[in-house]
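K.L.:
Each chain, written out:
Protein chains: 2
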Amino acid sequence: MINKKLLFKKRPVGLPDEDTWELIDEKLPDLVDGQILIEQEYISLDPAMRGWMNEARSYIKPVEIGDVMRAGSVGKVIKKSGESKFNVGDYVSGWGGVQTHSISNGENLHKIDPEKSSLSSYLGVLGMPGMTAYFGILEEAKVKEGDTVLISGAAGAVGSIVGQIAKIKGCNVVGIAGGEKKCTFIKDDLGFDDAIDYKNGNVIKEIKSKCPKGIDVYFDNVGGEILDAALIFLRRNARIVLCGAISQYNNKDSIKGPKNYLSLLVNRASIKGMVVFDYAPKYEKAIDQISGWIQEGKILINEDIYEGIDNFRSVFLKLFNGKKMGKLILKVKT
Amino acid sequence: MINKKLLFKKRPVGLPDEDTWELIDEKLPDLVDGQILIEQEYISLDPAMRGWMNEARSYIKPVEIGDVMRAGSVGKVIKKSGESKFNVGDYVSGWGGVQTHSISNGENLHKIDPEKSSLSSYLGVLGMPGMTAYFGILEEAKVKEGDTVLISGAAGAVGSIVGQIAKIKGCNVVGIAGGEKKCTFIKDDLGFDDAIDYKNGNVIKEIKSKCPKGIDVYFDNVGGEILDAALIFLRRNARIVLCGAISQYNNKDSIKGPKNYLSLLVNRASIKGMVVFDYAPKYEKAIDQISGWIQEGKILINEDIYEGIDNFRSVFLKLFNGKKMGKLILKVKT
Numbered sequence: 000m001i002n003k004k005l006l007f008k009k010r011p012v013g014l015p016d017e018d019t020w021e022l023i024d025e026k027l028p029d030l031v032d033g034q035i036l037i038e039q040e041y042i043s044l045d046p047a048m049r050g051w052m053n054e055a056r057s058y059i060k061p062v063e064i065g066d067v068m069r070a071g072s073v074g075k076v077i078k079k080s081g082e083s084k085f086n087v088g089d090y091v092s093g094w095g096g097v098q099t100h101s102i103s104n105g106e107n108l109h110k111i112d113p114e115k116s117s118l119s120s121y122l123g124v125l126g127m128p129g130m131t132a133y134f135g136i137l138e139e140a141k142v143k144e145g146d147t148v149l150i151s152g153a154a155g156a157v158g159s160i161v162g163q164i165a166k167i168k169g170c171n172v173v174g175i176a177g178g179e180k181k182c183t184f185i186k187d188d189l190g191f192d193d194a195i196d197y198k199n200g201n202v203i204k205e206i207k208s209k210c211p212k213g214i215d216v217y218f219d220n221v222g223g224e225i226l227d228a229a230l231i232f233l234r235r236n237a238r239i240v241l242c243g244a245i246s247q248y249n250n251k252d253s254i255k256g257p258k259n260y261l262s263l264l265v266n267r268a269s270i271k272g273m274v275v276f277d278y279a280p281k282y283e284k285a286i287d288q289i290s291g292w293i294q295e296g297k298i299l300i301n302e303d304i305y306e307g308i309d310n311f312r313s314v315f316l317k318l319f320n321g322k323k324m325g326k327l328i329l330k331v332k333t
Numbered sequence: 000m001i002n003k004k005l006l007f008k009k010r011p012v013g014l015p016d017e018d019t020w021e022l023i024d025e026k027l028p029d030l031v032d033g034q035i036l037i038e039q040e041y042i043s044l045d046p047a048m049r050g051w052m053n054e055a056r057s058y059i060k061p062v063e064i065g066d067v068m069r070a071g072s073v074g075k076v077i078k079k080s081g082e083s084k085f086n087v088g089d090y091v092s093g094w095g096g097v098q099t100h101s102i103s104n105g106e107n108l109h110k111i112d113p114e115k116s117s118l119s120s121y122l123g124v125l126g127m128p129g130m131t132a133y134f135g136i137l138e139e140a141k142v143k144e145g146d147t148v149l150i151s152g153a154a155g156a157v158g159s160i161v162g163q164i165a166k167i168k169g170c171n172v173v174g175i176a177g178g179e180k181k182c183t184f185i186k187d188d189l190g191f192d193d194a195i196d197y198k199n200g201n202v203i204k205e206i207k208s209k210c211p212k213g214i215d216v217y218f219d220n221v222g223g224e225i226l227d228a229a230l231i232f233l234r235r236n237a238r239i240v241l242c243g244a245i246s247q248y249n250n251k252d253s254i255k256g257p258k259n260y261l262s263l264l265v266n267r268a269s270i271k272g273m274v275v276f277d278y279a280p281k282y283e284k285a286i287d288q289i290s291g292w293i294q295e296g297k298i299l300i301n302e303d304i305y306e307g308i309d310n311f312r313s314v315f316l317k318l319f320n321g322k323k324m325g326k327l328i329l330k331v332k333t
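First to last, the sequence lines map onto chains A and B.
The opening residue of the first sequence carries number 0 in numbering that gives the first Met the number 0; numbering runs sequentially from there.
The opening residue of the second sequence carries number 0 in numbering that gives the first Met the number 0; numbering runs sequentially from there.
For the record, the hints were derived by calculation from the structure and aren't laboratory data.
Do not take every clue at face value.
Given that identical chains are not distinguished, each listed pair holds provided it fits within a single copy or across any two copies.
To be verified - Derived lysine to aspartate or glutamate pairs resembling DMTMM-like cross-links, with alpha carbons at most 20 Å apart:
| # | residue 1 | residue 2 |
| --- | --- | --- |
| 1 | LYS258 | GLU224 |
| 2 | LYS258 | GLU54 |
| 3 | LYS330 | GLU302 |
| 4 | LYS258 | ASP227 |
| 5 | LYS271 | GLU138 |
Go ahead and model the full structure; you've got the sequences and the hints to work with.
P.N.:
Shown next, in the form of structure tokens:
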């Protein structure tokens with residue numbers, strides 16, 4: 000049986016180009032005792048993947064040159080050898096990487112229930128982005144009823160869930176997104192109280208007018224100028240959750256630091272970084288809670304699914320060019 | 000009776016110049032019922048004063064043009080009219096401003112005991128800098144035994160106390176200061192474990208070598224490049240206490256933001272701003288505790304006292320040119 004797999008070939012400077020990866024075919028080896036073979040159905044595309052491609056100390060080791068490109072995935076067990084807690088026919092989520100098939104000894108693999116929620120949702124609202132949103136807004140930001148919550152990347156995989164959870168908790172939620180379509184979506188479909196289109200108008204003026212009492216929580220997915228604008232309007236004891244900085248990931252020069260950071264001092268405010276993996280022991284509880292909200296119609300699944308492992312690079316680039324809405328996913332089979 | 004007082008005349012751009020203040024003589028008015036007259040003995044000079052001179056939203060309202068320059072002070076009650084909780088002969092600390100005499104209705108004034116500690120110490124180790132250090136390192140940073148604590152402005156009024164308290168709590172303490180004299184002082188006299196002279200050598204390399212396990216707490220008084228260097232070496236769950244940014248207060252251009260701030264994300268670390276006034280209800284307890292440490296020889300008083308209200312501006316500039324050590328104080332009478 001043939002596995003198509005995407006090898007990481009060259010560390011990119013700026014956006015990944017044609018030389019970054021190579022897609023090759025290999026004959027799958029025989030399973031050894033305890034292994035299972037998974038036919039992958041969906042592959043997760045996340046901004047964090049860009050960070051894993053850099054050779055720098057981080058919260059996770061870099062992808063090495065020659066490795067299969069690291070990615071979250073969901074798939075079906077189609078073969079097993081000897082004893083395993085998984086059975087043929089089980090659906091699982093894990094770190095299958097960018098390939099059509101993966102072989103696993105079962106470590107870091109979770110059985111998932113496609114009856115309970117769609118397979119792809121285990122990469123989005125019930126996967127890493129959903130967990131990030133859930134623990135970020137509830138445990139890091141500790142939102143309270145009545146808080147004004149500002150979210151950047153608000154139509155994205157994480158931001159769209161952050162805002163919906165903040166609404167459930169009785170907050171006043173304002174989202175920042177690029178373009179009228181995304182702004183209309185987060186207001187009309189996701190129920191945000193207001194939206195700011197950073198591509199149209201002055202973000203500073205817009206925050207001032209749409210958060211007239213100031214900001215209690217800023218959930219930052221983007222960094223750069225939007226972070227600087229948010230800093231201006233912090234209320235006393237405001238909390239900034241630092242989840243990402245997508246505007247900076249493909250910088251060829253050095254990162255732009257937030258020049259308004261002294262607002263933290265004046266307002267006794269904080270910026271704190273979070274890494275979702277720290278919450279792994281609590282994932283199950285969060286998945287139950289979010290599944291409940293989906294069933295009650297309080298959280299809308301927001302996915303953008305493209306097809307074909309051959310298209311990986313062009314789909315990956317949608318993470319950074321604004322041309323997707325919600326969780327970006329690659330369906331393996333075309 | 001004549002009062003010499005320093006009026007704030009013009010908001011400075013960058014460092015205050017000759018036109019910023021004017022020293023004038025006025026005849027003191029008669030006291031009205033409930034007022035006391037204080038002969039000021041020592042005036043406090045603090046970096047924060049530079050911020051109060053800007054017309055910007057902050058944690059305290061700006062000094063208005065034409066007002067006596069705001070400053071903390073200690074002095075002796077020499078006259079009273081009618082009922083007051085203070086008596087002639089009492090020593091008091093408060094916000095007397097830059098002048099030889101002040102009139103007060105007793106509000107925000109505290110009786111102090113010159114038998115317990117020197118008068119000037121009520122502006123330093125038992126005053127605002129001492130309170131900032133105490134609550135900053137204990138309640139904001141929540142230092143634990145064994146933590147590596149890095150402190151900028153380490154020979155200054157706040158930094159020198161932060162480091163001494165961190166040593167009492169069993170931390171490994173490294174101070175950053177400008178020049179060999181200050182570095183020797185914080186090691187030999189204050190008992191810091193190590194010192195980094197930022198004027199001599201590469202701060203990044205020095206932090207790497209002197210904090211080999213990384214930094215658990217960074218107490219920031221200076222901002223700028225030193226903050227950026229510290230960010231590189233944060234350990235997981237590190238806490239940065241943002242107390243000041245003296246390198247940035249006289250900037251004519253915009254503030255320099257910390258370009259390495261994404262280290263907060265990777266290391267699940269935080270930056271939090273503090274304003275000492277929030278701890279006012281607990282000052283008394285802190286003063287008792289610090290007085291005890293002074294008596295036990297665990298905290299050394301570190302003051303730099305100059306004389307003469309006529310010299311205010313040149314002494315004030317020592318806050319920013321590195322030419323003082325410890326708490327900067329002006330003795331009113333020459």
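K.L.:
Next, verify each hint and record whether it holds.
P.N.:
Status of the hints after comparison with the structure:
| no. | hint | verdict |
| --- | --- | --- |
| 1 | LYS258 with GLU224 | both (9 Å within a copy, 13 Å between copies) |
| 2 | LYS258 with GLU54 | between (27 Å within a copy, 18 Å between copies) |
| 3 | LYS330 with GLU302 | within (12 Å within a copy, 69 Å between copies) |
| 4 | LYS258 with ASP227 | both (7 Å within a copy, 12 Å between copies) |
| 5 | LYS271 with GLU138 | both (12 Å within a copy, 17 Å between copies) |
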